[in-house]
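First to last, the protein sequences are chains A and B. Residue numbers for the first sequence follow our numbering, beginning at 220 and rising by one. Residue numbers for the second sequence follow our numbering, beginning at 64 and rising by one.
Be aware that a few hints might be false.
[Stated by the list, open to error] Okay, derived cross-link-like pairs now, DSSO-like style, lysine-lysine, Cα gap no bigger than 27 Å in a straight line: (1) B:LYS203 x A:LYS286; (2) B:LYS192 x A:LYS286; (3) A:LYS286 x B:LYS120.
[What the hints assert, rightly or not] Counterexamples of contact, computed for chain A against chain B with all Cβ distances above 10 Å: (4) GLN264; (5) LEU287; (6) THR301; (7) MET337; (8) SER353; (9) ASP363.
By construction, these hints were calculated from the structure, which means they are not laboratory data. Backbone N, C-alpha and C fix where the C-beta goes; we use that ideal spot for every residue, glycine too.
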Amino acid sequence: MITVYKIKTIPKDMDLIKLNDVFFNKYTVEKLDKKAEEIIKKIDQSQLVNKYTIKSRFDGGILNIDKLSTGCKTVLNIIYNTDKVFDIRECGENALDVIYTLEEGNITCDYPLISFEMTKVIAVGKKSNLEFDSYDALKEWWSDED
Amino acid sequence: MKIKPVITDKIVTRHTSYQVDFDLTQNITFIVGDSGVGKSAVFSFLQELSAEDKRIKCFNYLDQNKGYKNSLKKAKEKLFVIDNADILLDDSLRQYIAGDMNNQYIIIGRNPSSLLLQQDEIFELANEKNGGRVLFRLKKAL
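Bound conformation, chain A alone (with noise of 0.2 Å):
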């Protein structure tokens, strides 16, 4: 189950990262197993050559890996660095419903970005955590100021 962060709410000792780009490509890469080639051919429907390299789902032309989405890269972020939290707003549809699917991670986005895919989260309050498991009711919570 996903934790969901409002930017007031994270913690001061967790980092926020903001350009999924930058940080996939400087880290996340290194860390890539198995388990990113399904998430890869999910949302990108690409093939997963090797660590650094992809196939391209337009024309088979082989490309570095950080020809992936922005949206892939966002959803393998959260994947494997489950200490961190990750803005999410550049996420298509497609890697919103894998993210609200995974087992663990940590997301935030300045309003509420939520998949109609979604079943359970935990939202993190400034008070108290809660447990969410519908779409408007997280909707609500997310777009409460306080």
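With the hints as your guide, set chain B onto chain A.
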């Protein structure tokens, strides 16, 4: 706010096996869509085109600390192509862009708020594969 394109109503370019053929019907063309459909690839092709077409200026997340806001506000008769718009464009810049009659914009992002756009001004990428070539066009977003 619908304004006819002030710079061009068509962009065509090619990068090896990839072609871009965009009909631009409004002054702001906002492109949304799933992750991995080629939005940032198209940005890179337009960035390459900007090397020979001086009307085109491109910004993405790499320009975050490079004074792109001033550059944009001082510009005249430019076609700005902006990727990672959700990071680069704050509300005040979006409001500026919405009222800018001197420049034209292609904006790639997720959230079109504050740009005063109507639904039929928001587009997705369509791609057609033909004999090893891939052609990117615009289609109205659903």
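For each hint, the structure was consulted:
1. For the suggested pair LYS203 of chain B and LYS286 of chain A, the alpha carbons sit about 25 Å apart, so the restraint of at most 27 Å is met.
2. A hinted pair counts as satisfied when its Cα atoms are at most 27 Å apart, and LYS192 of chain B with LYS286 of chain A qualifies at roughly 19 Å.
3. For the given pair, LYS286 of chain A sits about 21 Å from LYS120 of chain B by alpha-carbon distance, which is consistent with the 27 Å threshold.
4. Here GLN264 of chain A does not stay apart from chain B, with its beta-carbon only about 6 Å from theirs, under the 10 Å limit.
5. Chain B draws LEU287 of chain A into its interface by the beta-carbon criterion, the shortest separation being 7 Å against a cut-off of 10 Å.
6. The beta carbon of THR301 of chain A sits about 21 Å from the closest Cβ of chain B, which is more than 10 Å, so the claim that it is off the interface holds.
7. With a least CB separation of 17 Å from chain B, MET337 of chain A remains clear of the 10 Å interface cut-off, as annotated.
8. For SER353 of chain A, the non-interface assignment is confirmed: its Cβ lies about 23 Å from the closest Cβ of chain B, beyond the 10 Å cut-off.
9. Residue-level check passed: ASP363 of chain A sits 19 Å from the nearest beta carbon of chain B, beyond 10 Å.
Checked against the numbered hints above, the structure breaks hints 4 and 5 and satisfies the rest.
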